[in-house]
Amino acid sequence: MTSFSDKILMRFLANSSWLLGCAVFLFFGVLSPKFLEIANLVNILIQSSSAAIVAIGMTFVLLTGGIDLSVGAIMFLSAVVAGKMVLGGSPLPLVMMAIMVIGVVFGSVNAFFITRLKILAFVVTLATLYVGRGLALMISQTRAMNLPETFLHIGSARPIGIPFPILVLAAVLVLSHLLLTRTAYGRQVYAVGNDLASGIKAGIPVYRIQASVYIVSGLLAAVGGIVSVAQLGAVSPTFGNQREFAAVAAAVLGGTSLFGGRGKVFPGTILGAILIQAVENGLVILNADPYIYPLITASIIFLAVMLDSLRRQQFKKLHSRKTRPA
Amino acid sequence: MNLFECESISKHFHGTTALQDVGFTLEAGQVLGLVGENGAGKSTLMNILGGVLAADTGQMTLLGESYLPRNPAEASARRIAFIHQELNLFTNLSIGENLFITSFPRRTIAGIPVIDRSRLRQATSRLLDLVQLPVDSTTLVERLSPGERQLVEIAKALSVDARLIIFDEPTTSLSARESAHLFGIIERLRSEGRSVIYISHLLDDVLRLADQILVLRDGEVVGRGPKSQFDVGRLVTLMVGRQIEKLYPARSSVPSREVALELKEVSQPGIVENVSFQLHKGEVLGVAGLMGSGRSELARIVFGLETHTRGTILRNGRPLSPHTPKECVRQGIAFLTENRREEGLLMEWDVDRNLGLVQAPSYIRGPLRLIRDAALSEKVTATAKQVRVDTSILRGLAVKSLSGGNQQKVVLGQWLVENPAVFLLDEPTRGIDVGTRYEVYKIINQLAAKGTALLVISSEIEELMGLCDRILVMCQGEITACIMRDQFDREAILRSALRQGSGSKTTA
Numbered sequence: 000m001t002s003f004s005d006k007i008l009m010r011f012l013a014n015s016s017w018l019l020g021c022a023v024f025l026f027f028g029v030l031s032p033k034f035l036e037i038a039n040l041v042n043i044l045i046q047s048s049s050a051a052i053v054a055i056g057m058t059f060v061l062l063t064g065g066i067d068l069s070v071g072a073i074m075f076l077s078a079v080v081a082g083k084m085v086l087g088g089s090p091l092p093l094v095m096m097a098i099m100v101i102g103v104v105f106g107s108v109n110a111f112f113i114t115r116l117k118i119l120a121f122v123v124t125l126a127t128l129y130v131g132r133g134l135a136l137m138i139s140q141t142r143a144m145n146l147p148e149t150f151l152h153i154g155s156a157r158p159i160g161i162p163f164p165i166l167v168l169a170a171v172l173v174l175s176h177l178l179l180t181r182t183a184y185g186r187q188v189y190a191v192g193n194d195l196a197s198g199i200k201a202g203i204p205v206y207r208i209q210a211s212v213y214i215v216s217g218l219l220a221a222v223g224g225i226v227s228v229a230q231l232g233a234v235s236p237t238f239g240n241q242r243e244f245a246a247v248a249a250a251v252l253g254g255t256s257l258f259g260g261r262g263k264v265f266p267g268t269i270l271g272a273i274l275i276q277a278v279e280n281g282l283v284i285l286n287a288d289p290y291i292y293p294l295i296t297a298s299i300i301f302l303a304v305m306l307d308s309l310r311r312q313q314f315k316k317l318h319s320r321k322t323r324p325a
Numbered sequence: 000m001n002l003f004e005c006e007s008i009s010k011h012f013h014g015t016t017a018l019q020d021v022g023f024t025l026e027a028g029q030v031l032g033l034v035g036e037n038g039a040g041k042s043t044l045m046n047i048l049g050g051v052l053a054a055d056t057g058q059m060t061l062l063g064e065s066y067l068p069r070n071p072a073e074a075s076a077r078r079i080a081f082i083h084q085e086l087n088l089f090t091n092l093s094i095g096e097n098l099f100i101t102s103f104p105r106r107t108i109a110g111i112p113v114i115d116r117s118r119l120r121q122a123t124s125r126l127l128d129l130v131q132l133p134v135d136s137t138t139l140v141e142r143l144s145p146g147e148r149q150l151v152e153i154a155k156a157l158s159v160d161a162r163l164i165i166f167d168e169p170t171t172s173l174s175a176r177e178s179a180h181l182f183g184i185i186e187r188l189r190s191e192g193r194s195v196i197y198i199s200h201l202l203d204d205v206l207r208l209a210d211q212i213l214v215l216r217d218g219e220v221v222g223r224g225p226k227s228q229f230d231v232g233r234l235v236t237l238m239v240g241r242q243i244e245k246l247y248p249a250r251s252s253v254p255s256r257e258v259a260l261e262l263k264e265v266s267q268p269g270i271v272e273n274v275s276f277q278l279h280k281g282e283v284l285g286v287a288g289l290m291g292s293g294r295s296e297l298a299r300i301v302f303g304l305e306t307h308t309r310g311t312i313l314r315n316g317r318p319l320s321p322h323t324p325k326e327c328v329r330q331g332i333a334f335l336t337e338n339r340r341e342e343g344l345l346m347e348w349d350v351d352r353n354l355g356l357v358q359a360p361s362y363i364r365g366p367l368r369l370i371r372d373a374a375l376s377e378k379v380t381a382t383a384k385q386v387r388v389d390t391s392i393l394r395g396l397a398v399k400s401l402s403g404g405n406q407q408k409v410v411l412g413q414w415l416v417e418n419p420a421v422f423l424l425d426e427p428t429r430g431i432d433v434g435t436r437y438e439v440y441k442i443i444n445q446l447a448a449k450g451t452a453l454l455v456i457s458s459e460i461e462e463l464m465g466l467c468d469r470i471l472v473m474c475q476g477e478i479t480a481c482i483m484r485d486q487f488d489r490e491a492i493l494r495s496a497l498r499q500g501s502g503s504k505t506t507a
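So the sequence lines, in the order shown, correspond to chains A and B. Numbering-wise, the first sequence is residues 0 to 325 according to numbering that gives the first Met the number 0. Numbering-wise, the second sequence is residues 0 to 507 according to numbering that gives the first Met the number 0.
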C-alpha cells in the first residue's frame, strides 16, 4: 500500500511545472503588482512568441532523440535575408516565401547528413550553425540592419484585435499539436524516439521521419526569426545567438525528454517558453541587475528538470511490483 | 500443399557459418518446436524467415509461391509474424497505437488526414478480446506487465491475420499463470488453422505444445520429425551432440557447520517479512518460489542494493557496516544479478575488461591510482579458462555480440576472479542452453567443494533439486518452508510456494 505522503508527493511532482509556473507568477506579482497587469501579461506572450515557435520546432527534433543546434543561425540568416529583401523593395509575400525556403533548405541539409550519411546530429547541426552564421554575417557585412517602418508595423499590427506574433504562434501551435497527437505521422515520431530498432522492424519509415523533424525545425526557426525581427525592427550581428539553447530549455522545461519519445507541444513546450520569458520580464520590472538574468533563468530550468527527474524516480518507486501487501 | 517450405538455407557471418543447408516443412495448423543450444542458429533461421536477414543460399516458399522478404514489412505483408524475445513495443504509446502504428484507420478534418480514434478503439478492443487481455485499448504499454505485453504482440500478429507466428523464448518473463494462458492461446491459434514455430529452452514445454520437432546444432539440422519420436533425453543428446549422463553433476563435498552468512528477522514492508536463515560454508542453499515472491528482492537486500527496516544480516557473525555493495564485495560476498544485460555487463566492452570489472578497484596501486594490468590480466585469463570462454576470437569481441550462454558465463566469471566466500546467484541459468547449464552447475559444485557458501535462486524446481543441499521456499516475501535434500519433493515445494504467508516464523 502506498503511503499517503507518497501519494501527495507524486501529485506534487506530476504537476510540478504548473506549480513552478504559479510560483513564479505569484512571486513577481507580489513583489510588483505591475507584473500581473493584463497589458504586461500580453506583453510576455508577445515577447515569448518567437522563442516559443523555435522551441516547438526543437520539440519535434527532441522527440526523435535528436538535437538541432543550428536553429539560432537559421533565425539569423532568415532575418538577414528578409531584411535585405525588404530594404531592396521586394513585396512582402515574396520575402515570406524566401525565408521559408531558407528554413526548409537548411533543415534538409541537416536531414541529409544525419539520416543518409549517418553523422551524429550534434555534429551536423553544429556545423550548419557555423555555416549559417557565416553566411548571414557575409550578407549583412557584419553590420546591423535597420528595417523600414512598414516591417515594424506588421510586427505590432493587431489583425482581428490580436497581436501578429501571437497569431503566428497560435497557428504554429495548433498545427503542431494536431500533427503530433492526431496524425499517424505524429505517433510515428513518438515511436521512433522510443525505440528506433523496433520502429524499423515495425515497418515505420524511420529515416523519413527523422529527416522530416529537422525540416520542421528549420522551417519553424525561420518563421521564429521573422516574428522576432518584426518586433525588433532591426537585425544586429548577434541576432539569434544561442537561441538553440533557449529552445531546448523551453522544451525541457515543458517536459520534453532529451532522450526522445516523451514531450508535448501543448501544454508542455509553450508553457516552458512563456515561463522563461515571464521570469525575464519580471526581473526587468523589478529593476534587477541584468547580469543575474541568466543565473536566475538557469536556476529555474535546473529546478524544473530536477523536479522532473524526481517525478520519474517516484513513479518507479510507486509502481514497482510489491510482493506482499505491506 | 504445405504452408511453408524451405530448403538448403545457408548463412555465413564473416568467417563463421551460422546455418548450413537447413530445410524443413510446415503445414497449416501445425506447431513446430525448434530447439538447439545458444548459437545453434535458431535465431538466425527465424530472422531469415522474418525478413530481418537474407539467406546466402536456399529457397523458401509460402503456399507454393516463392518467399524472399527483404525486410520485416514484407514478411508482415505475407502474414508472417515474429514475436521476438525482446518485445518490439513502443512503451510511450498506447496499445491501440502500437497495434496500428503503420495502419491507422483515418478520417479527415478539413482536408487533413487524422487518426479515427473511435474506429481504432473498436478494432483494438476486438483484438484484445481475441487474446483475452482485459485491458483498455488506451492504456500505455509501459504500464503493462511482461505477460500482458506479450499478449499485445500476439494481438499484433492477429491484426495482420498471420498464418505463421514465430515465438522466440516467449515464457522467460512470464509467470506460471501467464504461461498457461499463452499455451491456451497457441492451442486456439492452431485450431484456427494458423501455424506456429515455438523456440524454447524449456524442453518440456516444447514437447507439450509441438506437433513436429526440429533440432539444430552448430547451424545444421540434426533431428527432424513428429513429436512422438522425441523425449527430453533424446533432445538433449541431439542438441549437445553427446550423452549427458545426468543433467546435474555429482556433488563431491558436504557442507560444513560453519556459518558464513546469517539473516535474522529481516523485514522490509511490502517486500519481505521476518526472513531468517543461516548459510554455511560449502553449502548450496536453494531459494524456490513463484515469480514475485520476493526472492530477488531478498538477495538485493542482502547485497546492500535495497534497504531493510528491521532485522540484521551477519557475515561471519558480525553485521555489515556500512551495508553497501562495496562493503559486501570487500567481505567476499558476490552477487550474480538476474538482469545480466542491464546490471551485469558493459555491453560495448570486450570479455577481458568485463571479467576484470568487479575486482579492478583492488588492483589499484600508486599515487596515480593505475590498475596493475599484468596481475589482473593473469587472473582474468585463468578465470576465462575456468568458465570456458577462452578462445581468442571470443575474448576480443564486444560482449554484446556473444550468445546469451556465453554472456552468462562472463558475468559468472566476474565474481570468480577473486574466489568469493559467499555467492548469491539469481537465476544463474536463465535463458541458456543445456550444455552451458551443465558447465555452470559444475562451477557451482567446484565452488562448494572449495568452501564457498552459495545461495541459488531459481524458478526451476528440478534445477534446485538437482543442485542443492537444502531448499528454502518463499511465498509473498516470507519463508514458508525449509526442505532438506533427503526430503526433496517437487509437489511439497510447489505447495509451499503457493501457500499464503502464515506469519509464523520459520527459521532455517
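The set of hints was computed from the structure by calculation and includes no laboratory data. Because the structure is a prediction, the values reported are computed rather than measured. Ideal placement from N, C-alpha and C gives every residue a C-beta, glycine not left out. Accuracy of the hints is not assured; some may be wrong.
[Said to hold, decoys possible] Negatives, chain B to chain A, calculated, CB over 10 Å: (1) A72; (2) L88; (3) E96; (4) I100; (5) R120; (6) Q330; (7) L367.
[Said to hold, decoys possible] List time: in silico BS3-like cross-link candidates among lysine-lysine, alpha-carbon distance up to 30 Å: (8) B:K384 / A:K316; (9) B:K325 / A:K315; (10) A:K117 / B:K399.
So, going through the hints one by one against the coordinates:
1. A72: With a cut-off of 10 Å, A72 (chain B) comes too close to chain A, as the shortest Cβ separation is near 3 Å.
2. L88: It is violated; L88 (chain B) is separated from chain A by about 7 Å at its closest Cβ, not greater than 10 Å.
3. E96: E96 (chain B) not clear of chain A: closest Cβ-Cβ about 5 Å, inside 10 Å.
4. I100: The claim is violated: I100 (chain B) sits with its nearest Cβ about 6 Å from chain A, within 10 Å.
5. R120: holds (14 Å)
6. Q330: holds (27 Å)
7. L367: holds (32 Å)
8. B:K384 / A:K316: violated (41 Å)
9. B:K325 / A:K315: holds (24 Å)
10. A:K117 / B:K399: At roughly 22 Å apart (the allowed maximum being 30 Å), K399 (chain B) and K117 (chain A) satisfy the hint.
When each numbered hint is compared with the structure, violations occur for hints 1, 2, 3, 4 and 8.
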